[in-house]
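Those protein sequence lines, which keep their order, are chains A and B. When the first sequence is numbered by numbering that gives the first Met the number 0, its final residue is 432 and no position is left out of the sequence of numbers. When the second sequence is numbered by numbering that gives the first Met the number 0, its final residue is 554 and no position is left out of the sequence of numbers.
Hints were generated in silico from the structure; no laboratory data involved. Backbone N, C-alpha and C fix where the C-beta goes; we use that ideal spot for every residue, glycine too. There may be inaccurate statements among the hints.
[As the list claims (entries may be wrong)] If the Cβ cut is set under 7 Å, some of the chain B residues that face chain A in the computed set are:
| hint | residue |
| --- | --- |
| 1 | Tyr24 |
| 2 | Asn123 |
| 3 | Lys321 |
| 4 | His324 |
| 5 | Val329 |
| 6 | Glu334 |
| 7 | Asp505 |
| 8 | Lys508 |
| 9 | Thr523 |
[Claimed, not checked] Away from chain A, derived, C-beta distances all over 12 Å, residues of chain B:
| hint | residue |
| --- | --- |
| 10 | Pro35 |
| 11 | Asp160 |
| 12 | Pro325 |
| 13 | Asn528 |
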Amino acid sequence: MTKSIARQAKAGRATSELFENVTDPFDGTLNDDLVVERTEKELKVVKNGSARSVAGFERKLPESSPYVAGKDVSLDKAIAEAAKLIGKAALPLYGGLATDVEGMRAALALAERTGGIVDHAFSEAQYRNFKVLQTTGWITSTLTETRNRADLIIIAGSDVFKLHPRFYETIVSPPDSMFEVTAPKRTLVFIGKGLDRGVVKGSRIGDVITLACKPEQAGEVAGVLRARLRGFRLKPVKIDGITLAEIDVLADKCKQAKYGVVVWAPPSLDFSFAELAVAQFAGLAKDLNQTTRFAGLSLGGGEGAVTAAAVCTWISGYPLRVSYATGAPDYDPYRWSIDRMLKEGEGDLLVWIASISPDVAPPGTKAPSIVLGTPGLKLAKPPQVFIPVGTPGVDHAGRMIRVDNVVSLPLKDLGRAELPPAADVLAAIEAAL
Amino acid sequence: MLIKLSGGKVYDPANKVSGEVRDIYVEDGKIVAAKPNAKPDATYDLKGRIVMAGAIDPHTHIGGGKMTIARALLPEDHRGDPVTRTELTRAGSGRSVPSTHVTGYRYAEMGYTACFEPAMLPANARQAHMEMGDTPMVDKGAFAMLGSDDYFLRQLAAKADFEAIKDYVAWILHASQAIAIKVVNPGGISAFKFNQRKLDLDEEHVYYKVTPRQIILTLARAVQELGVTHPLHIHGCNLGVPGNIDTTLDTVRAAEGLRIHMTHTQFMSYGTEGDKKFSSGAARLAELVNKTPNVSIDVGQVLFGQTCTASGDSMRQYAIAKSAHPKKPVIMDIECDAGCGVVPMRYRDKSFVNAMQWVIGLETFLLFDDSWRIFLTTDHPNGAPFFFYPHLIRLLMDKSFRDDMLQKINPDAQAQSSLLKSLTREYTLDEIAILTRAGPAKSLGLQNLGHLGAGARADIAVYRDDSDREAMFSTPEYVFKNGEVVVKNGKVVKVVQGATHVVRPDYDKSIEKPLKGYFDRYLTVRMENFKLGDDEIVRGDKGSIVVQPIGSRAT
């Protein structure tokens with residue numbers, strides 16, 4: 000078994016190889032223009048990198064072996080032990096799910112077979128969106144569309160630079176855009192003070208306006224903005240120092256925009272009932288389309304979150320938080336949150352998949368756990384079974400779905416380490432049940 | 000392994016076989032010439048059974064981002080129809096936008112063996128194929144959408160060399176692994192991004208200054224001259240707008256003899272007569288198309304109940320968003336490539352407009368002379384989910400059933416249905432076999448599919464003869480795929496993975512130079528990554544690719 004799924008050492012491979020058009024799996028926007036060189040010892044991002052992608056591609060992998068109960072074992076043994084634990088579990092929880100399309104397909108097949116629950120490590124953030132989508136719908140744009148068409152970009156309460164260090168360079172201020180009717184200088188508006196903006200300059204950025212509220216008040220500001228756009232008179236509002244006059248200036252700019260885009264990143268909106276803020280951002284775009292064009296653009300989606308939700312949706316009918324305990328998918332975004340279940344002692348086995356960055360550690364649990372992780376995954380305590388797996392787009396080829404939910408990209412095998420894809424390990428576990 | 004299907008009544012219009020009792024022999028997945036002296040390894044006694052080729056749906060939205068948006072949007076659609084895992088089949092969800100595996104199973108369980116996704120955005124091709132890769136049982140293929148993509152519109156506006164435009168169309172077919180080209184609201188999806196809310200056939204796109212007529216003519220000619228078998232698949236201007244029958248007739252005339260396919264014409268055949276200024280244009284469409292042999296259609300029949308509309312036509316979907324039920328439309332502008340609109344819809348028999356839509360679709364079927372140029376579709380899930388097909392077949396084959404149903408619809412719509420009431424036509428099994436098998440296979444250029452002659456792939460559906468045609472077509476006794484029994488008594492008994500059908504017309508590879516320049520300058524995806532490799536379908540999705548033969552390139 001080990002032989003059949005572990006990658007064979009690449010005898011005679013070139014000592015150094017240059018890869019072009021490399022997709023970056025460490026950023027939900029899946030930039031695919033990176034140039035990465037593999038030398039004998041390491042990967043080096045040669046072109047179009049960012050702090051985030053460099054940290055991802057150039058991370059030194061520690062030596063790693065499969066282990067069971069703290070003891071190094073062969074891959075075969077680890078898979079057999081994992082299958083044994085899963086076979087015994089009454090309600091296994093398949094969490095993390097930081098993987099590619101193939102990994103997600105395999106995780107769903109296994110969850111279905113074993114009556115488990117599926118949920119992604121960052122579902123809580125995605126659900127700030129899904130709750131709005133499933134209640135009111137929305138009008139959205141995509142990265143290429145925004146890059147070429149936007150003349151007004153509103154960053155709503157979100158640390159976009161931190162999540163996507165190249166967003167301002169490639170989307171907000173690209174050297175070129177397609178339509179001469181689009182204003183050469185874009186107006187950039189930040190709702191929220193102290194947002195991580197990186198370096199907000201570029202030949203395409205014109206006015207930069209900041210509405211200095213707390214980031215978690217951005218939804219409230221958008222609400223007042225919508226009220227003013229609808230012509231409501233309001234008592235003087237004060238949202239952390241923002242005046243109605245400032246909001247009215249923005250209202251005018253929104254009305255005059257030919258193609259406005261309101262950008263938010265659910266992982267940034269980390270406060271209670273953040274879906275209400277998302278509802279205001281989406282509502283703003285919806286309202287403005289009565290007279291002009293305006294769209295939402297939701298970012299984030301790192302660690303395969305968008306991929307996991309999409310694959311789960313087409314295979315089960317629902318975007319994660321699905322239980323297969325009865326054999327058919329049962330959907331409950333509250334009840335089948337793995338985070339909540341672990342906190343409340345539900346489920347009797349955690350199967351955690353974290354194949355991309357080392358930061359997606361499993362939450363604490365008294366239940367035994369099986370971890371399929373990238374070597375160096377920051378584990379608070381050793382799981383019962385650990386199986387090192389490859390990172391899609393680095394150690395093996397794969398495919399992922401981009402944050403705007405339309406584009407999916409191929410991921411290359413850059414030949415960093417001899418580690419099996421999570422998909423293969425999951426399939427082997429299923430076969431061993 | 001030789002299999003004999005013995006004594007069934009065979010309806011195989013492609014080979015001019017009409018209800019004759021004959022034996023069919025299958026060897027190595029193919030139908031072979033009669034071998035009366037050979038001893039078959041297995042014999043199926045099909046006395047009294049109706050035998051047809053496996054059915055082919057030439058226009059069904061089964062894969063791609065907008066379907067997954069629709070799935071995520073509508074948990075309530077799935078909740079009432081959970082599908083449990085079995086030893087054989089995967090779990091999932093049913094109803095109007097089913098999960099991928101359930102889509103495959105349920106199509107097969109109605110006797111379908113091939114399905115074609117008609118609106119694949121090239122920017123979304125990878126995901127569309129991945130979803131189709133998770134749709135077992137049926138062969139599949141997809142039509143690439145062009146006509147609102149900025150590369151094409153820029154070429155057209157700049158009056159680029161027509162051969163270069165043809166090269167681009169061919170490149171798109173290769174890059175997105177498609178079998179045909181579709182245009183949706185020609186130029187209108189792009190115009191909507193410039194805040195244009197309407198685009199008629201001869202109206203100029205506000206930015207590119209080109210008209211839908213020019214776009215249609217250019218693409219129709221390109222497709223034809225590339226030798227692609229299926230003509231340009233047209234979702235025209237003004238979908239759903241009362242009075243759009245005039246636009247539709249003008250579009251048919253605009254083709255100037257070029258071969259075109261007008262899709263879901265029910266949504267494009269609305270007049271403005273009557274008290275409510277909404278009437279059927281089906282008779283006018285049928286009259287024109289009956290005498291226009293270069294044009295084929297599919298209907299996009301509306302049937303009553305909850306469904307979800309999903310279209311690339313963001314302009315028109317935005318316009319109908321106020322009719323959404325439940326009220327949660329999704330509209331998207333996509334990648335300087337296209338757009339989409341997902342609008343949940345409940346068609347009610349007591350609604351005048353919905354009832355008229357039902358009437359218009361049926362009139363279209365019944366007034367159309369040439370069964371080889373009309374295909375049976377509901378434009379799944381736009382007019383109704385695909386599992387309504389047996390019901391639709393009964394409506395076409397059974398006048399008294401149709402009249403009973405007509406009694407139930409909105410009284411004002413009934414009052415405007417004297418034409419439908421007067422149509423006594425009942426479709427024959429031959430005609431159903433043409434509409435659902437032979438016709439689509441011929442139109443799409445599917446070699447060896449849609450018929451039962453020697454050399455055909457052994458995709459075969461066997462039905463019990465039942466005067467209730469809905470019951471009959473709901474539950475085939477056997478479905479064979481590649482010569483294997485995959486469905487028995489309407490239930491999947493073996494799971495198989497179908498092939499993906501594509502066409503690959505010749506083109507000048509140097510087109511990639513300007514294309515790469517365009518991608519690098521404006522897009523957020525590299526040209527190299529935009530292209531979908533064979534390996535992704537074959538290895539990644541455990542599928543296979545069938546390259547269908549086409550005509551040679553003409554100038």
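Quick rundown of the hints versus the structure:
no.	hint	verdict
1	Tyr24	violated (37 Å)
2	Asn123	holds (5 Å)
3	Lys321	violated (11 Å)
4	His324	violated (12 Å)
5	Val329	holds (5 Å)
6	Glu334	holds (4 Å)
7	Asp505	violated (25 Å)
8	Lys508	violated (18 Å)
9	Thr523	holds (4 Å)
10	Pro35	holds (46 Å)
11	Asp160	holds (21 Å)
12	Pro325	violated (9 Å)
13	Asn528	violated (5 Å)
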